[in-house]
Amino acid sequence: MTAPLVSVRDLGVAYAGGREARARQALHGVDLDIAAGERLAVIGESGSGKSTLALAIAGLLPGTAGVAGSIQWFGNREGQRSPPSVLPDISPSRGEISQSPASKPLISPLEGEMSGRTEGGEERPSKDTRTARPGRDIGFVFQDPAASLDPVLSVGEQVAEVARAHFGLDWTHAYARAADLLGRVRLPDPRGALRAFPHQLSGGQKQRVAIAAAIAARPKLLIADEATSALDAIVQAEIVALLRRLTEEDGMTLLFVSHDIALAAGLADRIAVFRGGGMVELGSVAQVIEAPRHAYTRALLDAHIGLDAVPLVATGQAR
Amino acid sequence: MSAALFFRMPEAVVGAVILAALALMALAAPFVFPGDPLAIAGPPLTPPFRDWALPLGTDRLGRDVLAELFHGARTSLAVGLAAAAASLAVGAVVGTLAGFAGGLIDEALMRVTDAFQTVPGFLLALAFVSVVGPSLGVVVAAIALSAWTGPARVARAEVLSIRERDYVAGARVIGMHPLEIAFREVLPNALPPVLALSSVIVAAAILTEAALSFLGLGDPNRVTWGGMIAEGRAVLRSAPFLSIVPGIALVLTVLGVYLAGEGAVESSAVRRSLS
Amino acid sequence: MSGPLLSVAGLSKRFDRAGGTVMAVDGVSFAMEPGETLALAGPSGSGKSTVARLVTRLVEPDAGAVSFEGQDWLALRGAALRARRARLQMVFQDPLAAFNPRATVARVLDDPLRIHGIVARSERPRRIAALLERVGLEASLAGRAIHEISGGQRQRVAIARAIATKPSLIVLDEAVSALDVSVRAKIVELLLDLQREEKIAYLFIGHDLGLMRVAAHRLIILDGGRIAEQGDALAVIDAPQSAIGKALVAAAPRFFRTDREAS
Chain B
549 MTAPLVSVRD LGVAYAGGRE ARARQALHGV DLDIAAGERL AVIGESGSGK STLALAIAGL
609 LPGTAGVAGS IQWFGNREGQ RSPPSVLPDI SPSRGEISQS PASKPLISPL EGEMSGRTEG
669 GEERPSKDTR TARPGRDIGF VFQDPAASLD PVLSVGEQVA EVARAHFGLD WTHAYARAAD
729 LLGRVRLPDP RGALRAFPHQ LSGGQKQRVA IAAAIAARPK LLIADEATSA LDAIVQAEIV
789 ALLRRLTEED GMTLLFVSHD IALAAGLADR IAVFRGGGMV ELGSVAQVIE APRHAYTRAL
849 LDAHIGLDAV PLVATGQAR
Chain D
16 MSAALFFRMP EAVVGAVILA ALALMALAAP FVFPGDPLAI AGPPLTPPFR DWALPLGTDR
76 LGRDVLAELF HGARTSLAVG LAAAAASLAV GAVVGTLAGF AGGLIDEALM RVTDAFQTVP
136 GFLLALAFVS VVGPSLGVVV AAIALSAWTG PARVARAEVL SIRERDYVAG ARVIGMHPLE
196 IAFREVLPNA LPPVLALSSV IVAAAILTEA ALSFLGLGDP NRVTWGGMIA EGRAVLRSAP
256 FLSIVPGIAL VLTVLGVYLA GEGAVESSAV RRSLS
Chain R
13 MSGPLLSVAG LSKRFDRAGG TVMAVDGVSF AMEPGETLAL AGPSGSGKST VARLVTRLVE
73 PDAGAVSFEG QDWLALRGAA LRARRARLQM VFQDPLAAFN PRATVARVLD DPLRIHGIVA
133 RSERPRRIAA LLERVGLEAS LAGRAIHEIS GGQRQRVAIA RAIATKPSLI VLDEAVSALD
193 VSVRAKIVEL LLDLQREEKI AYLFIGHDLG LMRVAAHRLI ILDGGRIAEQ GDALAVIDAP
253 QSAIGKALVA AAPRFFRTDR EAS
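Residue numbers (this note's numbering), protein chains in the order written: chain B, 549 to 867; chain D, 16 to 290; chain R, 13 to 275.
Bound conformation, chain B alone (with noise of 0.2 angstroms):
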């Protein structure tokens, strides 16, 4: 297998208690790697520890929590650069533009030097190799969209705001980079939307900000956690999909949190399910699904009431 992007090893976490709960151990002994490029779900239900894990990943776990284990970011070896995100015009596999460490692409949508629909910018070298940079490397989507924006500011303004903060570009750039990501996660009238506050947005519309939002700086890996929970079944399967396509076409490795086996089966390479705390099973969506290897996994997959189950009350008439 291609080294992987993440490498966790015997990873426990621990929350310290405080007023509210108790101390617990969230995880414990999670060993886990997470490759370049895929699709990983993590599933489980309330407890299981599949957030904490997301949050440990992402560093984002509070400073009282102790940390046992390791985990290991390789996305920022030597000769490995994220790869630009770029629209279907141009694009790296038709070699318009060079991978080498030598050329730094500064590419503006406003100088008109591309069609006016790539992002460019300068990098920021980092200093420190093996640490992953939040926003920078690794890209974060929250269950409540509601909770992730910042109500007073503009839509245009949070998404730009990550996209000048990691690459240094002015307000004007950003914003045209920002319009651009806008339309990337399908939102109508992007230029529009750049003025509009959260609170004008639906549910599934401040999602795709916060996704937005998350891609901005081009981050490697992009974990969303319960990012679809909040939503209804229509607007959860286009988030999936578009979830799905922006992972394609950036070549982005996905980290998929969520409680509905079902729906990550359809989105992920990968499935690992989670339970009190430790990993049970792991394995391709076709193995965990069809020839599951952990009775819990199994479990779970019989409680998914799916749409050709046998009904439990007698249609047509009451009683």
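Keep in mind that the hints were calculated from the coordinates and are not lab data.
One or more of the hints may lead you astray.
Stated by the list, open to error - Okay, the calculated beta carbon distance ranges per label pair: (1) R:LEU88 <-> B:SER594: 37 to 43 angstroms; (2) B:GLU797 <-> R:GLY155: 55 to 61 angstroms; (3) B:PRO699 <-> D:ALA100: 35 to 41 angstroms.
To be verified - Which bits of chain R does chain D cover? Going by a derived footprint, with three or more residues having C-beta under 8 angstroms, they are: (4) 101-107; (5) 119-128.
Claimed, not checked - Beyond 10 angstroms from chain R on every Cβ pair, some chain D residues (computed): (6) ARG23; (7) PHE131; (8) GLN132; (9) ALA186; (10) VAL188; (11) ASN204; (12) SER282.
Everything numeric in this text was worked out from a predicted model, so none of it was measured.
Glycine residues also receive a C-beta, built at the ideal position from the N, C-alpha and C atoms.
Use these hints to put chains D and R onto chain B, whose structure you have.
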């Protein structure tokens, strides 16, 4: 409120110690200094630390300063706590009614609150005591007269948010009477931020009472620190300790109340968890 | 009692938002028979939660008529309404938010018993224990605080509270949506059990079509405040006629979708 957390904060502990000392003084006063503190105990204007029977000396009339200090603590503490309790109670009830009922009742109550809030608290207290006459109960009422508005607003704000919660809807669905919902379901949950105001109100009440006594509008039958400071004014140059000692007591008390109050709020603050 | 248990005609509710008025519910009409489960599905903003709140009179409609157990439900006020509420109960989505944060299980169950005088005061503890056992909980749970028990247990307590007054209709507003999948099935089993024994009708608001298909008798699909489709739950989901019905069915997560739609 978590006692463990409270005692881990140095400021809170200092505040608690001061308050405990104050409470001890107040409770012990009639035992340690039986008899009338306003009775003559020795030669007038005895400086402190000269005579160990009169550790803090005597005032212009020869009254024992330490005895007056202890008895004054009773007054200050009693007034502070009573005024705070009264203003919190009135404020919480008014705020809950306004927030829960909404509409005209809310408007009417809030305009009344505005009226009381725009008049400077001390002047209101001054006017009230001047008209009704100085006694401990009147002083307490005078202070509460303006202090209730803060708790009322905070309570109303909390209630407006709690009103929308599922458990209030749940109480309605099971057929609970609106007044019962307001006072059994909503008010107890609206109290924490209201109670956070209590330390400020107690401190302000003690100071107001001292100021009223200083101006001669306090209860004349009781020893009060404010009265002691006023007494000491006439001999400020020759016997400054007469005003300074009760002044220090006042400062320490207010500090103690404030620190302990902050500690109580900090240790009971419920943090929203990350999960 | 003849005629439907619940009859809703032309129910409408509008909300004023910045930038105009929104018809959250627009002329919705439906009926429910005793002991049946009517499911209400639809995308966000379709008005299903608002319908739930209108039926339980947590919110008053702008137009429409509701008849419950043969009586004009909307005409009731004050004490008369509070008394009749015993017959129409509700279970909320978030089992933690549905209870006073300071409540104990005993108090939660005591409230409806006390308010409606179901049993004498001395009998209440015994009735509380019976209710707890009825929903599959240990009677000893009565002394625990609400926040100390698990989500599944909390929802059982919510159901116990709802059945305490022997209602004929319970509105389940996304009542199992916030529960773990493994817990969900047991709660649904409990609900169907209670329905069979006590002949309780359920107005089930939710978004899990698979669940509705197996547990509901009839289904209404709402879209933009209006009824897009209604009928036998199995029939509607297996062969939806409306555009929104088809979209909802297509969007339901299933294993191995053969059609990975272009985004």
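(request) Find the hints from earlier in the document that the structure breaks and name them by number, from lowest to highest. (result) 9, 10, 11
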